[in-house]
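> These are the residues of each chain, in order.
Protein chains: 2
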Amino acid sequence: MITEGVYKYKIAQRDIDFTCRPTLSSVSDYVLSAAGQDADRNGFGIRTLSENNWMWVLSRFCIEFERYPAQYEDFVVRTWVSEVNRLMTTRNFTITSASGERIGAAVSNWAMLDMNTRKAVDLSANLEYAHALIPEPSPAELPLRIGSIKASRQEERRVAYGDIDFNRHTNSLRYLGMMMDMLEPEHFENHTVRRMDMNFIHESGYGDTLTVAMQDGVQGETLFEINNCGQTVCRGRAEWQKLI
Amino acid sequence: MITEGVYKYKIAQRDIDFTCRPTLSSVSDYVLSAAGQDADRNGFGIRTLSENNWMWVLSRFCIEFERYPAQYEDFVVRTWVSEVNRLMTTRNFTITSASGERIGAAVSNWAMLDMNTRKAVDLSANLEYAHALIPEPSPAELPLRIGSIKASRQEERRVAYGDIDFNRHTNSLRYLGMMMDMLEPEHFENHTVRRMDMNFIHESGYGDTLTVAMQDGVQGETLFEINNCGQTVCRGRAEWQKLI
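Taken in order, these protein sequences are the chains called A and B.
Sequential numbering of the first sequence, starting at 225, is according to the working numbering.
Sequential numbering of the second sequence, starting at 225, is according to the working numbering.
Any given hint could be a false lead.
As the list claims (entries may be wrong) - Pairs of lysine-lysine, DSSO-like flavour, derived with a Cα cap of 30 Å:
1. K234/A to K234/B
2. K466/B to K232/B
3. K466/B to K234/B
4. K466/A to K374/A
5. K466/A to K232/A
6. K234/A to K466/A
7. K374/B to K466/B
8. K232/A to K466/B
9. K232/A to K234/B
10. K234/A to K374/B
What the hints assert, rightly or not - Chain A is faced by these chain B residues, among others (derived, beta-carbon under 8 Å):
11. T247
12. S257
13. G260
14. A384
15. G386
16. D389
17. D405
18. P409
Because the hints were derived from the structure by calculation, they are not lab data.
This structure is a prediction, so every number in the text was calculated from the model and none was measured.
C-beta atoms are modelled at their ideal positions from N, C-alpha and C, and glycine is treated no differently.
Produce the complete structure using the sequences and hints provided.
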């Protein structure tokens with residue numbers, strides 16, 4: 225019988241920002257680690273896929289919070305795959321405290337890429353994969369499609385050694401970090417993220433000079449777009465929770 | 225009886241770079257975490273100090289390796305304070321594998337700062353602190369004093385949200401990350417750090433635009449200097465181990 229994966233983590237010193245709350249990137253990193261561990265457990269992790277020269281590509285991601293986990297707090301990520309079609313699969317996450325209280329949730333969409341042909345692999349033909357499905361609904365609204373933005377502020381960032389993964393592409397969560405770096409510290413004193421949506425559109429890699437742009441949208445949200453020589457690499461939308 | 229502190233860690237997915245070896249920053253972060261945990265255990269951690277509005281300031285740091293810990297490897301950091309004089313204290317570290325093999329060592333010098341007066345606290349007057357001394361020699365040569373460099377390449381970096389600690393100063397290990405970001409990926413394919421020395425000279429903070437400069441020194445070493453509007457913030461010296 226297929227069961228959801230259960231992974232335990234703890235917010236470490238290095239996960240926290242100057243307000244002593246964890247950064248959004250660090251919590252998202254734990255969530256995506258759970259995805260990697262669970263794919264491995266079910267036989268379709270990076271190590272198995274690389275035998276075929278296939279890899280998972282994160283296409284969309286959202287994460288939302290009732291509250292942020294606290295410094296040194298133990299928490300649990302549960303994850304399962306609920307859907308698969310030819311090109312895309314949906315992996316879900318709940319984030320709970322050690323005592324079982326729900327503190328957040330996340331949903332991700334992934335494609336599988338054949339690195340030889342640079343084309344998507346037909347997931348519906350992968351029977352092993354279909355066996356891992358748990359038809360339980362997603363614990364949050366699916367990741368939103370984010371349209372182009374009207375930048376009110378932008379900054380250049382060169383992709384360096386510390387930003388790249390084993391494919392020498394920019395790490396998905398570095399984009400999230402670059403977006404948060406556009407905001408003033410004062411903003412983080414008074415707000416946490418209620419929900420963040422990310423759309424990953426094109427790859428960027430070592431040495432690229434990215435333009436990170438932001439737009440203050442309607443009340444309580446900020447839009448982001450990262451471009452590489454005119455090509456959109458990714459977009460984000462942050463919905464803020466004002467702290468009392 | 226005072227005993228050295230023993231802290232266990234594991235290299236996680238997010239600690240590794242594109243070569244699948246841990247970054248120097250991530251291993252150094254574990255080492256400095258051990259310092260923080262051990263200071264807490266001995267009653268002079270950040271939480272106790274902040275009651276007096278005092279804080280530890282890292283002045284110099286060196287770390288050296290027989291080999292890097294591997295991805296997912298369990299390792300142990302042992303730490304003890306060997307010396308204290310009026311203005312500075314020496315904290316030592318050994319890094320060993322789970323089976324006890326020595327894989328590295330580190331030495332750090334710290335001052336204690338009174339945040340009200342912005343002056344150093346007299347450590348020799350702090351009797352509690354003197355009780356924690358273990359007169360065992362440092363496991364590596366003390367951190368070197370690094371002179372000014374002749375830059376062969378430089379780049380600007382703005383200090384952003386993700387770079388700052390709870391004092392809104394740039395995190396010490398972010399400087400190390402900025403130095404490593406000056407090097408090409410090819411360099412990390414063929415080299416690991418045999419020894420890194422860091423001198424922390426002045427603080428920088430949110431919004432500052434830093435100039436990160438490097439100089440290829442004598443064979444097998446690289447020098448780094450980070451300046452903020454003409455004031456030197458920190459310097460580093462990396463000695464490389466060529467991989468076969």
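> Evaluate each hint against the coordinates.
Hints, verified against the model:
no.	hint	in the structure
1	K234/A to K234/B	holds, 13 Å
2	K466/B to K232/B	holds, 28 Å
3	K466/B to K234/B	holds, 25 Å
4	K466/A to K374/A	holds, 24 Å
5	K466/A to K232/A	holds, 28 Å
6	K234/A to K466/A	holds, 25 Å
7	K374/B to K466/B	holds, 24 Å
8	K232/A to K466/B	violated, 38 Å
9	K232/A to K234/B	holds, 14 Å
10	K234/A to K374/B	violated, 43 Å
11	T247	holds, 7 Å
12	S257	holds, 6 Å
13	G260	holds, 6 Å
14	A384	holds, 4 Å
15	G386	holds, 5 Å
16	D389	holds, 6 Å
17	D405	holds, 4 Å
18	P409	holds, 5 Å
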